[in-house]
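K.L.:
Residues per chain, in single letters:
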Amino acid sequence: MRGIFPFAAGAAIMLVAGWAGFPRAIYKSRPQPVDFSHKVHADKAGQKCEDCHAFRPDGTFAGIPTLDKCAGCHAAVMGATVAEKNFVEQYVTPAREPQWAVYARQPENVFFSHIAHVKRAQLTCDTCHGDHGASDHLLPYQEDRVSGYSRNIWQTADRVKTTRAAMTMSACVECHRQQGLEHSCLDCHK
Amino acid sequence: MIGPNKQIRAARYGMTIDVDRCTGCGACMVACAVENNVPPAHAGATDRNGITWIRVYKIDNGLPYPETRSAFIPVMCQHCGNETPCVHVCPQQAVDVDPATGVVGEMPQRCLGCRYCMAACPYHARYFNWWDPAWPKGMEKTLNPDVTPRMRGVVEKCNFCHGRWHAAKQQAAAEGKPDTEPVQYLPACAEACPIKAIQFGDLNDPAGAPARAAQSGGSFRLLEKLHTDPKIYYRSKRDWVRASANAPHPFAGQHEAGKENHRG
Amino acid sequence: MLPWNYGFHLDAGHIVFLGAFYTVLVIVATTLVSAALRSRQDLRSRKLERIRWHSEFNDLPARDRACRHVLTGELESRECPHSFDCRECETHARLVEGHPVAAGEEEEIFGMSFPLDRLYHRGHTWVRPESDGTVTVGLDDLGSRLLGTPGQVALPPVGSQIEVNGTAFRVHKHGADVRVLSPVEGEVLEAGAPGAGWYLRVRPAASGEPAFRHLLRGAEVRPWLMRELERLQLTLTAEGAAPALADGGVPIADMSQAYPQADWDAVCGEMFLEG
Amino acid sequence: MRRIPSPGSTKPERRTTVDRQLIPRGVKRCSTGKFLLWILPWAALLAFGLYSAGLCLVKGLNQTNMDNRFAFGLWIFLDLTVIALGAGAFFTGFLLYILKLKELRAVINSAVVIGLVCYTGAVCVLAVDVGQPLRAWFTFWYPNVHSMLTEVTFCISCYLTVLAIEYVPIVLKNRKLRQVPSFLVFEFELHKLVYVLAGVGTFLSFFHQGSLGGLYGVLRGRPFAFREGFAVWPSTFFLFILSAAAVGPSFILLTTWLVEKISRKNLVRPEVFGLLGRISGLLLAVYVLAKTVDTLIWINRTSPEIGFPAAQYYSWQPFGTWILFAEIVLFGLVPALILLAPQLRARTGWLVAAAAMACAGVALNRFVMTVQTLALPTLSFDRYLSYFPSWQETGTFLAVVAFGVLVYSFSFRYFQLFPSERELKFGAAAVRER
Amino acid sequence: MTSTRRDLFKLAGGAAVGALFTPAPWRLVTDTALWSETWPGVPRPARGEIRAKYTNCSLCPAGCAVRARCVGEQPVALMGVLEHPFTHGALCPFGLAGHHLPYHPARIAQGPVKQAAAAIASALARCAANERIAVLDLRPGRTASWTYRRALAQWKNGTYLTPPRTLGGNLAVNLAAAKTVLSFGTPLLDGWGTPGNVIAAREGFRLIQAETVESRTAVMADQWLPIRPGSEPALARAIANVLGNQPLHDAALETGLTEAQIVAAARELADNGPALVLDARERPEILALNQLVGSLGHTIVMRREAPVPAEWKNAVAATELSAVPDGSVRVLLIDESAPGPYLPWSAVEKKLVAENPVVVAFAWSGEGYGRHAQFVLPTAVYPEMVDDIPAAVDSPAAMFRLSAALVPPPADVVNPAEFVAALAQISATNTLRERADAIHKSGRGTLFTYADAKSTALKDVKADGFWKALNEGGCWMDAVPERQEIPKLAFGPPAATLTADNLPLAVVMAEAPAGLGSPILSKMYQESNLRLAEDRVVLHPTVARECGVEDGGRAILEAGCGRLDVLVCEDPGSPQGVVQVAAGPRTLDLCGSSPRAKVVRA
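The listed protein sequences correspond, in order, to chains Y, B, H, L and A. Under this note's numbering, the first sequence has 189 at position 189, and the numbering climbs by one with no breaks. Under this note's numbering, the second sequence has 208 at position 208, and the numbering climbs by one with no breaks. Under this note's numbering, the third sequence has 258 at position 258, and the numbering climbs by one with no breaks. Under this note's numbering, the fourth sequence has 233 at position 233, and the numbering climbs by one with no breaks. Under this note's numbering, the fifth sequence has 77 at position 77, and the numbering climbs by one with no breaks.
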């Protein structure tokens, strides 16, 4: 049995390292500039997704609103939270754009049209973004150290447990295939 | 490739280029490079390894001065329709033909850089990134966000300005148009041609300008004999221009053997 | 490559192409795995020595694999198909039945001592049945002269099993590391020494004539030895020992001393049937 | 084991170096110093080549003189050549294990090493040749099964694996290594199954040699290379198989002769040379016949049918008709005839010269298929350009040559590449004695 | 427990096998492939809202209307404004990539502004009575030109210099009226005038191109007359003779054409009027043909200048460079910020005083006069600069349009007009607005705005609205008076012809942009050889053989004023006895005044 021991030990070490250590090591974590609560904005301010995340006239998606949009309400501190106070002090007053990290930012070679999915295909936001709109805090942005890809687009805690990156082509392809909308690479790539 | 099983009207985008109008100004080449984030020449790049998705060749009738008469032929990917030579040779499905548009698409991110497709393409319409793409300092700010810059070591080529097609589709979605009809858009070269020698549109649309031009007299395609069914049509009233599109040696015997076009 | 990969289609091209690919992979993997499994089994069933001998026997030049009956002139030409293990050879059994080996007449052949009371192995060892039913194993005179006074001898521990054509013991001499083949199968009872005239005392696994059928005896020894001397001469010439011993000459007691420039390792390897 | 020191041993044992212990018993090899001296220039060449290849990998393929016109250059041409020459490995294996030509046992080990060297070198150069080696696995993961290159990639990598496995017994048979019981047993068991590997190798080689030819034959955009054929395979598919099988034995013959000359030893019997030459000559004759028929069909039908009179391909200097003549007659028919004539074959000079010519012929064929195909413009107004490899390209290829020589030298020194070497040594000794 | 080497091997083997059963190697393989898409060296384009901005291209006098596609504020692509009534949406390759110019590697960002000012001041202080301070304005007629003229009026010997030109100032060409155009080497279809206008008018006239080589215009012309190099005046004389029923003498021999060709061309000019004769070098004896064929008032018309404020009238008049005595200019300020025709340095240099002249070039790169000037002061470049663009040669109506800044210029750039105004101590900070107001006050013409593609009569627009429209993309076009005044053309004497001594080849200049273009123009100049780069010459293979040079090889071009390293391109379509050269500043300096050269092996 002694003969097999070094082999087993080596295998065990790598198994532990590969399953437990690697998924932690491969991601670089970066906190969001502001502890933003979607929940507060949805519940208290009664806002819908599209109130802040709007389409422009040419069909492009504006994404995360710029500071002017926030400053429209938060010109001065409205509530009692520390997060809001910090936001107003650090960003609104000095008119500094917060450097949001976009979980769902698509890689450079992907052309993703929000309007085609929302307006044509009638998908709701949570189909892809999960219950992000109801979250109370922003999770740190996690970036793959090698590929530079975001770890997930769902931004929900349960996805973080998986080792597999969320931003894979297969998820897109699966749905497109079901819809009979898979023609060529350049459908989605640019 | 999966064919579309949704009821859409497939387009066959194509071009008709009026050779008799082309002044060879080069606006199409520049507009193409600007649109598609093709970097300027790296130090050491030549006409042999520089990248330009559309190249304007100067051709001539092969007669000596002063009987020489020239014409300009812009050559980009011909978007072959029939047994597209490059699609079948790619070992990893980096090239495909979109059944919805007829565009021969190339995915640089899938490309391994084996360059077999370049050997297969009779038009020399494919270009390899021999260098890392490099823009002078600051000039990368002027890159088109609709087209991703390619990395070195991959092949690239004209895709009828796919970024513009995406933008047009998105605009159509915003305007509430259904996605069953092909969108109307213009590639950068067609838009930039100051003399409008390049007509672009859906060849399946018989009323469209390119389709009508393609049907008219003097229309020809490059290397039609190879049965590659290109979607780029050319037009010229001059016989020698039309002859040069197909013959391997259109003017053999008119001057010494091995004569070549040196400024093409 | 796999059905869930992007771009995979279940069409004839994919089925034929990938089918062939996976078949090749399976065949290659099966070959490797079965070789590994079989070697593991071999190791477990202690076939190591047998395999070593088989492998080395296969590497011998055809000339050296000649059947003992060719040496005696009974057969024109025959390569031994049983790796010199005549116990399982039907041809040998038949021949021996017809013409039993004549008893030897001389104890001194070519000036070397080959007593008639023992049986000889082609790897230059002998077996001498002792009165208590055990056998002693030693190097024959040619073997002893080749090795002279051994530099170092590594004998198997008492109680270990040795088998026919397996390793009996190892001898180091003059840069040569010689694995001496065992003439018998059985348990080692006692270790001797070069000085004692024998090296091992073995309780044979089986007794009786068939158990020692593979060993040379009597009249067979002389033709064999003649062939061996020829081989030795050739080997010495080939390995750079010049001048060769003259015909009919007697090998001296410690030949390695006489030919210091010869590749003694190669000479011994050749003569002790080692690859 | 119990060690008992001999009472009589007073002299110290003769010292043996590790190097000595690794050399097979009974064969003569040069001294360690001399061997190192031989290794040194090749190692230097290898280092230089690795530097060249490193430049190409780190800085990109702009280090080469290839361009958009000559998308394939020196590397592809020499890869094709090397793979064709390496075909000796599969073909000898096929003849020995499947057709049971026992005489070829004398060269099979050497053939395997040559095959391994050729294929490893070719694959390494290909890894440098592609623009994005990090994505090389895409071909396996997302294969386009209609591409000849996919077939080549799959077959070559599989065959390289097979060759590596075939090489394992040769290595494990090393004197030192076989002292490890499991190595010894594994070698023995694996060697018993080697006919399976030989069969698989034959299948794989058959296909990828063919696919390398098909690579060009399917190019409709290159009328110079385009050929008709059977099913999905153009005629070049079969011609490449045939030519590779024909020159494989020739190359084995040539290398064996070279090794004999360099090591100044007899390694195989003259009959084996003769047999290799005969096989090579026979296949070469068949190949030349097939190639001639193919060329005639191409000149008279395939090419004119798509509007390209074949004569015009040869109007571009320096690719005149002489190249066709050299390829088919000078380096095809002539060596075939020499190899088929028993009187000529019996003389080493003729035999070796013919083998060398056959190898040169296949190299010329691969050159024509690669470089000339790419050089000739299809579009009438396209430029006709020339190409000359850069020192980085040459260096990278020299690395393959150096790598091959080194691997072969080490294998020759430490492994039993020519089983009859010992026997022949005794034969020579017997002659000397008389 | 002792561990042996074998144990170590086993450990490593186990580790390898263990690793294979974790996600790590597979993820790394995938990730490195993904990394190869985004590795350093591949820039990422900025993302953001896409909007359109409008301006006018100031890279040449055409001033084409431009729609810029911007990401945020940054232009990423330029295109023409299709509805523009005069430029018709055409944009030449230089204009298409104009937004790259601020990032051109040859750009100058800083310059010795204070030293230059001090040097000018001290030179002015010791200026002799007959010595001048001069401004060489390569694009006259701008508001900045008025500032120069006003500023120069402050000094006794202030001289406002312009390149020599006959057409384009007060005289405009009306192509729309032409039926036959005889062009002597004019790149009519290759950047001459306003490309959009030329293309629009092209259907209306027959073009005869008399030119030695088959230029781009010659390719597209209805007829190409391949004449001997330098025989243009002879052809003009011959045509004049035909029209005047005079004998042709040896014109055919001199020009290399047949008599029939010459007669036919002359007949066509006379019979298929209105005709127009253009000359690339504006040689008076050739342009005088216009008088013979009756172009004046039809195809060559007087053009009013855009109104200027009354208080600017106190300004010096324009002087052509050649009219200034040699050795008389003490201080020369050259405004290259608005590119115009490049005058060979030898022609400029001889006007300078022999000792210690002060030469200051205002330029965004040092590739032009910056190579000769003592001081190069950096200016803004299109599309950073704010400047107006006067009407081009082919516009019968005056125009006023601004090249508005699409991106902010660097901090250290100099406005040449303001610099000169400051030297002269006059105020010139708001001249464009003042000019606009003066135009608005005149109430003439129409305003065309780009964003909505609308034409509005100027009198319907408020002054502020006019100014705003000009800045956000607009063009004012003067009304063309119905009755044309017949201009009096003052054609000078024929230029002296140069004789060849040891320079066997006639130099034919290929068209080239004034100043540097975007680096992306390497597509045309270097990577496709579509156009001749400044370091290349074209020779007939026979000529190349005679010169001992070969295709693609290095060579030296030798001419009257020096030598240049060049690359040889052989072209069997090129005439013998000719070397084709691109007309860049370097080559113009080299052989601009004596168009003969020789090529030798490098």
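Source of the hints: derived by calculation from the structure; they are not laboratory data. It is possible that part of the hints are untrue.
[As the list claims (entries may be wrong)] Which chain A residues face chain B? A few, computed with CB under 8 angstroms, are given here:
| # | residue |
| --- | --- |
| 1 | GLU73 |
| 2 | GLN74 |
| 3 | HIS99 |
| 4 | GLU203 |
| 5 | MET302 |
| 6 | VAL316 |
| 7 | SER528 |
| 8 | ARG563 |
| 9 | LEU567 |
| 10 | PRO575 |
C-beta: ideal position from N, C-alpha, C; glycine also.
K.L.:
Please go over all the hints and tell whether each is borne out by the structure.
P.N.:
Evaluated hints:
no.	hint	in the structure
1	GLU73	violated (10 angstroms)
2	GLN74	holds (5 angstroms)
3	HIS99	holds (6 angstroms)
4	GLU203	violated (11 angstroms)
5	MET302	violated (29 angstroms)
6	VAL316	violated (38 angstroms)
7	SER528	holds (5 angstroms)
8	ARG563	violated (24 angstroms)
9	LEU567	violated (10 angstroms)
10	PRO575	holds (5 angstroms)
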